[in-house]
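*Asks:* In order, the protein sequences belong to chains A and B.
Numbering that gives the first Met the number 0 puts the first residue of the first sequence at 0, with every later residue one more than the last.
Numbering that gives the first Met the number 0 puts the first residue of the second sequence at 0, with every later residue one more than the last.
Rather than coming from a laboratory, the hints here were simulated on the basis of the structure.
Note that the coordinates shown come from a computational prediction; the quantities given were computed from them, not determined experimentally.
All residues carry an ideal CB built from backbone N, CA and C; glycine is no exception.
Treat the hints with care, as some may be off.
Stated by the list, open to error - Rough simulated footprint, nothing fancy, chain A against chain B, three-plus residues with beta-carbon under 8 angstroms:
no., segment
1, 8-17
2, 33-43
3, 78-91
4, 104-116
5, 190-197
What the hints assert, rightly or not - Covered by chain A, per the in silico footprint, the following chain B stretches (three or more residues, Cβ under 8 angstroms):
no., segment
6, 55-67
7, 138-144
8, 158-164
9, 167-173
10, 177-186
Each chain is listed here by its residues.
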Amino acid sequence: MHGSATSSVSLPIVDHPTAAKPFVTNDQRSHWHDQALWFVRSKRDKQASAVPEWEYLRELASAIKTHTIANLDRYLEDFERNARALGATVHWAADADEHNAIVLGILRDHQKSRIVKSKSMLTEECGLNHFLEENGVEVVDTDLGERIVQLRKETPSHIVLPAIHIKKEEVGETFHRHLGTDAGASDPKYLTEAARQHLRSKFLDGEIGITGVNFAIAETGGLVVCTNEGNADLGVSLPRVHIACMGIEKLLPRFQDLAVFTRLLARSATGQPITSYTSHFHGPRDPDSELHIVLVDNGRTRLRQSDEFREALHCIRCGACMNTCPVYRRSGGHSYRATVPGPIGSVLSPTREPDRYKSLPYACSLCGSCTDVCPVKIPLHHQLLAWRKELVGQNLLPLGKRWSMRMASWLFRHPWMFSSAGYLGRISLRWLPHSLTHCRLNKWALSRELPKPPPESFRHWYRKHR
Amino acid sequence: MNDRTTNTSRKKILERLRSRSIGDPPLPEIDAHRLTRFDDPLAKFVEMLQFVGGQSHLVESEGEIRAILGELQPFSTAEQIVSLLPEVHAGNVDPSVIDDPHDYGSVDWVIATGEFPVAENGAIWVAGQSLPDRVLLFIPQYLAIVVSRGRIVHNMHEAYARIGRPPKGFGVFVSGPSKTADIEQSLVLGAHGCRALQVFLMP
Numbered sequence: 000m001h002g003s004a005t006s007s008v009s010l011p012i013v014d015h016p017t018a019a020k021p022f023v024t025n026d027q028r029s030h031w032h033d034q035a036l037w038f039v040r041s042k043r044d045k046q047a048s049a050v051p052e053w054e055y056l057r058e059l060a061s062a063i064k065t066h067t068i069a070n071l072d073r074y075l076e077d078f079e080r081n082a083r084a085l086g087a088t089v090h091w092a093a094d095a096d097e098h099n100a101i102v103l104g105i106l107r108d109h110q111k112s113r114i115v116k117s118k119s120m121l122t123e124e125c126g127l128n129h130f131l132e133e134n135g136v137e138v139v140d141t142d143l144g145e146r147i148v149q150l151r152k153e154t155p156s157h158i159v160l161p162a163i164h165i166k167k168e169e170v171g172e173t174f175h176r177h178l179g180t181d182a183g184a185s186d187p188k189y190l191t192e193a194a195r196q197h198l199r200s201k202f203l204d205g206e207i208g209i210t211g212v213n214f215a216i217a218e219t220g221g222l223v224v225c226t227n228e229g230n231a232d233l234g235v236s237l238p239r240v241h242i243a244c245m246g247i248e249k250l251l252p253r254f255q256d257l258a259v260f261t262r263l264l265a266r267s268a269t270g271q272p273i274t275s276y277t278s279h280f281h282g283p284r285d286p287d288s289e290l291h292i293v294l295v296d297n298g299r300t301r302l303r304q305s306d307e308f309r310e311a312l313h314c315i316r317c318g319a320c321m322n323t324c325p326v327y328r329r330s331g332g333h334s335y336r337a338t339v340p341g342p343i344g345s346v347l348s349p350t351r352e353p354d355r356y357k358s359l360p361y362a363c364s365l366c367g368s369c370t371d372v373c374p375v376k377i378p379l380h381h382q383l384l385a386w387r388k389e390l391v392g393q394n395l396l397p398l399g400k401r402w403s404m405r406m407a408s409w410l411f412r413h414p415w416m417f418s419s420a421g422y423l424g425r426i427s428l429r430w431l432p433h434s435l436t437h438c439r440l441n442k443w444a445l446s447r448e449l450p451k452p453p454p455e456s457f458r459h460w461y462r463k464h465r
Numbered sequence: 000m001n002d003r004t005t006n007t008s009r010k011k012i013l014e015r016l017r018s019r020s021i022g023d024p025p026l027p028e029i030d031a032h033r034l035t036r037f038d039d040p041l042a043k044f045v046e047m048l049q050f051v052g053g054q055s056h057l058v059e060s061e062g063e064i065r066a067i068l069g070e071l072q073p074f075s076t077a078e079q080i081v082s083l084l085p086e087v088h089a090g091n092v093d094p095s096v097i098d099d100p101h102d103y104g105s106v107d108w109v110i111a112t113g114e115f116p117v118a119e120n121g122a123i124w125v126a127g128q129s130l131p132d133r134v135l136l137f138i139p140q141y142l143a144i145v146v147s148r149g150r151i152v153h154n155m156h157e158a159y160a161r162i163g164r165p166p167k168g169f170g171v172f173v174s175g176p177s178k179t180a181d182i183e184q185s186l187v188l189g190a191h192g193c194r195a196l197q198v199f200l201m202p
């Protein structure tokens with residue numbers, strides 16, 4: 000799962016329906032997951048509707064991002080210059096491998112091997128943990144949800160709620176095994192306290208702190224990290240070295256632009272008015288400390304070239320599109336087999352590897368709910384539809400889908416065929432036995448009833464009534 | 000080796016960005032008239048702080064803060080206290096003799112000062128310069144922030160305007176205590192940072 004765009008190993012093609020099967024067929028779990036995310040979505044709605052200028056903020060956010068992405072070269076240079084003036088070291092990485100090598104290089108320079116890390120989807124994307132561990136570095140994820148999945152040797156199933164797919168009883172088992180909590184204990188308060196004690200010692204022991212970046216400001220050279228737990232702050236306030244890893248699309252032009260985005264982010268993500276801690280770092284802590292900022296491309300400049308999908312670079316990783324997505328909610332984040340799941344992940348993943356992720360744009364009913372909640376107005380469901388067009392053009396569709404589409408297209412081009420097919424359908428639905436129309440070959444009817452056949456076709460009815 | 004990589008990649012990334020011009024969509028100015036202001040921003044702040052799990056106290060003097068703190072059980076039994084406001088409390092851990100932040104590891108309480116409260120989300124801006132060490136905001140078991148209610152702003156736009164040009168170093172909006180809902184969406188206060196947050200609103 001720690002695949003990167005530059006990885007030389009060719010990874011298996013993801014078939015979303017197959018990957019989702021174990022989750023979806025566990026009816027109870029699927030519903031439990033669905034409800035948990037819908038709860039978050041409802042909290043988001045409450046917060047969004049409490050801000051009368053919500054739509055105005057979305058428009059501003061979208062316009063600011065559009066402007067920034069168009070002028071990204073200039074803003075990156077501004078940011079670099081201003082960050083350096085504050086005493087930070089700025090590194091540039093063209094891809095995941097370079098990013099990982101730069102981080103390892105900093106650790107080697109300081110001869111350090113114990114890392115405390117807060118949440119960063121970018122480092123997930125680059126497979127940093129895996130890479131560092133292979134090089135003998137101990138990496139401790141300090142976000143509670145990420146620590147849970149790390150101890151279970153899993154990956155996050157959601158970009159904001161990494162352990163949303165895990166039940167408290169399972170967390171209890173994991174903590175019993177790794178942290179020595181009481182067997183059978185599953186009270187979230189008790190388990191969180193155990194994690195607090197465990198991670199305190201890791202914080203005090205950590206030699207270098209790694210964080211992601213929520214926003215970086217071109218005009219000041221500063222960066223902003225948002226957390227609820229305070230783990231990023233503890234992680235970078237004890238050790239002398241802070242490494243901040245960010246995708247180049249995280250930039251904002253002006254300090255005041257942060258107002259728009261800090262108002263949107265937490266409300267969209269978890270239905271909070273703002274995260275508990277919104278930390279602003281302008282340069283290293285003191286003259287004896289270091290702040291390293293790694294700017295990572297890893298496919299972003301390529302995505303910027305595409306008129307169709309450029310707006311996906313606006314994403315601030317709030318996760319609102321996942322919380323609302325009927326497919327994500329029922330199939331779980333792991334079914335996407337990608338760092339970023341859900342609607343935005345289904346847009347981003349095929350831009351990296353179209354063949355591998357070609358089934359993801361079909362993991363969508365085109366209901367458009369993701370587009371409605373996106374705080375930066377990415378036209379997600381339009382992009383998912385555009386991807387399908389693209390995949391057909393690239394001849395990447397599976398044979399079954401290609402032939403059925405070709406058949407449908409032929410049918411629609413021959414009116415007499417279309418009307419006879421309709422007639423045949425109406426007759427056979429009326430007369431064929433249920434056991435045949437609902438046999439296992441008709442997958443659509445596995446858990447659904449077929450509609451009652453109408454007595455006549457619309458064309459017939461229209462001829463009589465016009 | 001890193002420097003060479005970074006220089007080549009820097010060039011490559013910037014060149015790729017410049018190879019594709021995508022027009023000049025304007026950077027919008029924010030129209031302040033379209034932003035919500037509250038009839039009673041202080042009441043809104045108190046409401047929002049409670050919503051995010053913090054506790055507010057409207058007080059008139061340092062003496063009043065001392066009295067309220069004294070009645071809080073975790074304060075009266077606290078062993079290590081760092082106070083950045085000697086008028087409120089003398090404290091018993093002296094930051095001026097500590098230069099390794101790890102030494103604050105077993106501090107129970109910190110009494111810090113905030114610059115201004117934000118009505119819309121119950122946040123308080125704490126400037127790094129007000130702290131001998133920024134870890135003091137995150138490492139104690141309990142945190143108290145004293146802030147002037149007269150300096151309240153309505154929303155984040157006003158907040159960033161108030162900060163103006165950010166000073167070198169650190170600054171943070173604190174909205175309630177440290178929290179997590181990573182285990183089955185059950186909200187638990189006190190994830191890694193403070194277990195509770197007391198906010199004292201001075202005139």
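*Asks:* Output the indices of the hints that this structure fails to meet, ascending.
*Replies:* 3, 4, 6 and 7
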